[in-house]
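**Q** Per the working numbering, the sequence shown runs over residues 85 to 390.
The set of hints was computed from the structure by calculation and includes no laboratory data.
Where a beta carbon is used, it is the ideal one built from N, C-alpha and C, also for glycine.
One or more of the hints may lead you astray.
[Unchecked claim] Computed cross-link-like contacts, BS3-like style, restricted to lysine-lysine with a CA-CA straight-line distance of at most 30 Å:
{"no.": "1", "residue 1": "Lys278", "residue 2": "Lys211"}
{"no.": "2", "residue 1": "Lys190", "residue 2": "Lys247"}
{"no.": "3", "residue 1": "Lys172", "residue 2": "Lys182"}
{"no.": "4", "residue 1": "Lys164", "residue 2": "Lys182"}
{"no.": "5", "residue 1": "Lys211", "residue 2": "Lys247"}
{"no.": "6", "residue 1": "Lys164", "residue 2": "Lys211"}
{"no.": "7", "residue 1": "Lys164", "residue 2": "Lys144"}
{"no.": "8", "residue 1": "Lys156", "residue 2": "Lys190"}
{"no.": "9", "residue 1": "Lys144", "residue 2": "Lys247"}
{"no.": "10", "residue 1": "Lys164", "residue 2": "Lys190"}
{"no.": "11", "residue 1": "Lys171", "residue 2": "Lys190"}
[Stated by the list, open to error] The following label-pair restraints were derived from C-beta to C-beta distances:
{"no.": "12", "residue 1": "Pro315", "residue 2": "Ala168", "range": "42 to 50 Å"}
{"no.": "13", "residue 1": "Ala168", "residue 2": "Lys190", "range": "50 to 58 Å"}
{"no.": "14", "residue 1": "Pro315", "residue 2": "Asp274", "range": "48 to 56 Å"}
{"no.": "15", "residue 1": "Gln199", "residue 2": "Arg277", "range": "41 to 49 Å"}
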Amino acid sequence: MPTELEAPPSAPTADQIEQQLSELGKDRLMQGGLRRLALRFLIDFKLSGRYEQSPRPISKAIYAEFYEFAVKKTGGIAPKDTEASGKKLFGELIDALKDYYAGPGKEDALIITLQGGMGGGYEPRFKWNAGLSAHKSAPNADVTAPDYGVIANTDFMRDIEDKVPQGTTDIWIAASDLSNVGDETSAYSDYVRKVVRSNALRNVDYTYICPQGHAGESRIQNLRDCFNDTPGKLHLHQIPLERFLEISVVLTHFISLNPLAEKPDAYMQLPSLDAHRAWIRLNHKDSARVVAKMKSLINSFPEDDA
């Protein structure tokens, strides 16, 4: 089934890659086993800048990290020989992608392949389908390079949210999970609350959107405590999961530090074992879409008492 992606001749944006990943996940070639999860992992691995590290990650290390990721996501058990299992799984994934684009995906706008062979590390490659004439003569094609960027090895809280510019009035966060996960008493959790309270004392309002049933009582209370006697206010909107997925087909976090600006920004967190260091800064068009959807959901669902 062809996807309806905007396909300019410039490099694909993160949002377009996510759309194509969603389309691939619907096909039978990605069903069963761990193929879909493996492709998700490899794309996140690339977008978070891991392949650019020196020395370049070797396949054996990638296999081990993938199965650690898979166990965390599925609750399953890692194979005894992650190298052999990983080589088999990722080899099958390469073949499945080839079969998909030779068959049901032959008219998809965006093609995703994996670089195999010695030193390839199964690195994903993204390219537009040159066989589609629309790509050659799209009347409204944006021929400029996209302005999104991967924020690799950056702690979003320490390096960005803790340094919002003077005059910031609102921070909007679409959080896929605000349940009581992790250690709420850890030093990092204390630091997060310190940053939020510091911004609240500077008259910054925080608005959270999360799926219904994904807001833990203690975590929300800790958030509310950050706003005691501050000019900044906390707003929490719990919405049906299916509506939250209108922001993105992937359950993840989005943050905008200037949602009311004429050209708002937006950041997307990549699912990762080190998620607070794996973010994408979306381009202006994708940021505007994400923020507009957040605004629509905020207006559609009343906020919880905060």
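**Q** Each hint should be assessed against the structure and marked as holding or not.
**A** Hint-by-hint comparison with the structure:
1. This hinted pair does not check out: lysine 278 and lysine 211 have alpha carbons roughly 43 Å apart, beyond 30 Å.
2. Annotation: proposed proximity of lysine 190 to lysine 247 is violated, straight-line Cα distance about 46 Å (limit 30 Å).
3. With a C-alpha separation of about 16 Å, the suggested pairing of lysine 172 with lysine 182 holds against the 30 Å cut-off.
4. At roughly 29 Å between alpha-carbon atoms, lysine 164 and lysine 182 fall within 30 Å of each other, so this suggested pair holds.
5. Proposed proximity of lysine 211 and lysine 247 is contradicted: the alpha carbons are some 36 Å apart, above 30 Å.
6. This hinted pair does not check out: lysine 164 and lysine 211 have alpha carbons roughly 36 Å apart, beyond 30 Å.
7. With a CA separation close to 13 Å, the supplied pair lysine 164 and lysine 144 stays within the 30 Å bound.
8. Distance check on the hinted pair: lysine 156 and lysine 190 sit about 34 Å apart at the alpha-carbon level, beyond 30 Å; violated.
9. Between the alpha carbons of lysine 144 and lysine 247 the distance comes to roughly 38 Å, so the proposed pair goes past 30 Å and is violated.
10. Taking the CA atoms of lysine 164 and lysine 190, the gap is near 37 Å; set against the 30 Å cutoff, the hint is violated.
11. A C-alpha spacing of about 26 Å is found between lysine 171 and lysine 190, which places the hinted pair at or below 30 Å, so the restraint holds.
12. For the pair proline 315 and alanine 168, the beta carbons lie near 59 Å from each other, so the given range of 42 to 50 Å is not met.
13. One distance hint, 50 to 58 Å for the beta-carbon pair alanine 168 and lysine 190, is violated here, with the actual separation near 33 Å.
14. Hint check: proline 315 to aspartate 274, Cβ distance near 22 Å, so the stated range 48 to 56 Å is violated.
15. The supplied range of 41 to 49 Å is met by glutamine 199 and arginine 277, whose beta-carbon atoms lie about 42 Å from each other.
Consistency note: the structure conflicts with the earlier hints numbered 1, 2, 5, 6, 8, 9, 10, 12, 13 and 14.
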